[in-house]
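Chains as they are written, first to last, in numbering that gives the first Met the number 0: chain A, 0 to 303; chain Y, 0 to 246.
Any given hint could turn out to be false.
[As the list claims (entries may be wrong)] Calculated cross-link-like contacts (lysine-lysine; reagent style BS3-like; alpha-carbon spacing at most 30 Å):
hint, chain 1, residue 1, chain 2, residue 2
1, Y, Lys-130, A, Lys-170
2, Y, Lys-70, A, Lys-85
3, Y, Lys-29, A, Lys-85
4, Y, Lys-29, A, Lys-16
5, A, Lys-58, A, Lys-95
6, A, Lys-139, Y, Lys-85
7, Y, Lys-29, A, Lys-231
[To be verified] Where chain A lies over chain Y, by a calculated footprint (3+ residues, C-beta under 8 Å):
hint, stretch
8, 108 to 119
9, 163 to 174
[Unchecked claim] A few chain A positions that, by computed beta-carbon distances, are all more than 12 Å from chain Y:
hint, residue
10, Gly-137
11, Thr-161
12, Thr-162
13, Arg-169
14, Tyr-236
15, Glu-256
16, Gln-272
17, Asn-301
Bear in mind the hints are in silico, worked out from the structure with no lab data behind them. From the three backbone atoms N, C-alpha and C, an ideal C-beta is built for every residue, glycine too.
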Amino acid sequence: MSAVLLDHITKTYDNGKVLAVDDVSLQVAEGELFGLIGPDGAGKTSLFRILTTLLLPDKGQAAVRGYDCAKDYKIIRSKIGYMPGKFSLYQDLTVKENLDFFATLFGSSITENYALIKDIYEQIKPFNDRRAGKLSGGMKQKLALCCALIHKPEVLFLDEPTTGVDVVSRKEFWEMLRQLKQQGITIVVSTPYMDEAMLCERIALIQGGKIMSVDTPAAIMAQFPVKLYAIKADNIYRLLTALRTNPTVESSYAFGEYIHITLHENATIAGLQQQMQREGHTNVAAKPIQPGVEDSFIRLMNQA
Amino acid sequence: MEEKVIICKDLTKRFGEFYAVNKISFEVNKGEIFGFLGANGAGKTTAMRILCGLSHPSSGEATVAGFNVYKQQESIKKNIGYMSQKFSLYENLTVLENIEFFGGVYGVPAAEIKKRTTQLLEQLGLTAEAKKFVGALPLGWKQKLAFSVAIFHRPKIVFLDEPTGGVDPVTRRQFWDMIYAAAAAGITIFVTTHYMDEAEYCNRVTIMVDGKVEALDTPANLKTQFSADNMDQVFYQLARRAQRSGD
């Protein structure tokens, strides 16, 4: 049995005018850390809301741990934890009151599953009496995760938990997820940050309501069909402009201090490098590289 | 000597005993792309609010576009542009109405608004969408339009607060093309971001930690200084020293 099943799910809004999810099928295995990777408007939140029984699809079937998301919604709600993208706790309840409230709702208590939240909760415990609305972004995120975990869910849904969060807090958050996974909880997490895809066991790349690819990050990167090179020069923007109009270059995208490029057949990177030098670019350096998830995402996007 | 568009000297903002911004000093050149980074709670937003003429500093000095942040806040506002992921355009006004509205607010003459609007719509390929509500546009287009509107009145400097959050990887790069083009036209860019690859696209980068500027240099020099392969590592080394957290 899959922990999560989506079978030909379609969802539209505004009387069918807006196609949010377009015939999406995928499965998440028990105990897996699964990532939905895509920009805003890709359909990630609609999928979360369907799986957490808050929204009915137009077409298709969704199930969580074998229970149907439409018929068995009451059972599913007791078995899942959900952290929505927007902070959804009670702002004028304190840290402890929020946690007590959510525990009670699920017929549990803070002490019953304390081991599960201990490591995360102890970081915010010094602020037990502070109202949730007065917490910093990082602390809100930790409290929301505690509230989603307090009833020991079998499947945890996290919708963009790290959006707008700085690099240091993001690293900490993924470390927490890794530890939760070790306790056997299935985790489905979405993110617009491509670098976080590497931290998932399997990922779905999603854009415009469609799944472009589902696999392990390594397999997705290995499926990149052509050779990829990184090239740089002193004036990177001038180089980028030149590469865009160069007939031997198939694609060129800025990636930090380098530009990632693919070439048309019969063209060589050495030839291109020489040509760039002849055109007056200085300190041109190029090397073959392994594609990352973002390279794959861009390529798949352009094929669609 | 290069023209300085922002000059900050020991700029400080105190809330009671809390130093949100603690004696920061830097200068930004005309046409420069200046990256302003820091962990959540480092004081970026507070500093930006002062530089945008929205908040008075507690002490120190600063001028923006030649105007004093204590006494000439209104002049500052007229000479800057601002855009963020959260606030950009009015969703229930059309593309055209948004341009006209912001152009009007910033005092661009009507005839000039008309001329620039035609140009702008053509550049963005939005001519056919001119009468559509902004709310109906895809996020990527919205952000590109928002940036164009923020520089519509030809400000000396534009403040961009996480302009590319949540945008797809192709649009994110198109957005940076627009930033480069604006900088080449002489508009100074002051930008915050959580994407560390974007820090590499800046001419110089500041990294704030606990209210102070802990690093300020070109990306290349910062990487050398911190023996790092990329800006992600530079940022991580600095930001993990932070004592405070928050937004």
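Which numbered hints fail: 1, 2, 3, 4, 5, 8, 10, 11, 12, 13, 14, 15, 17
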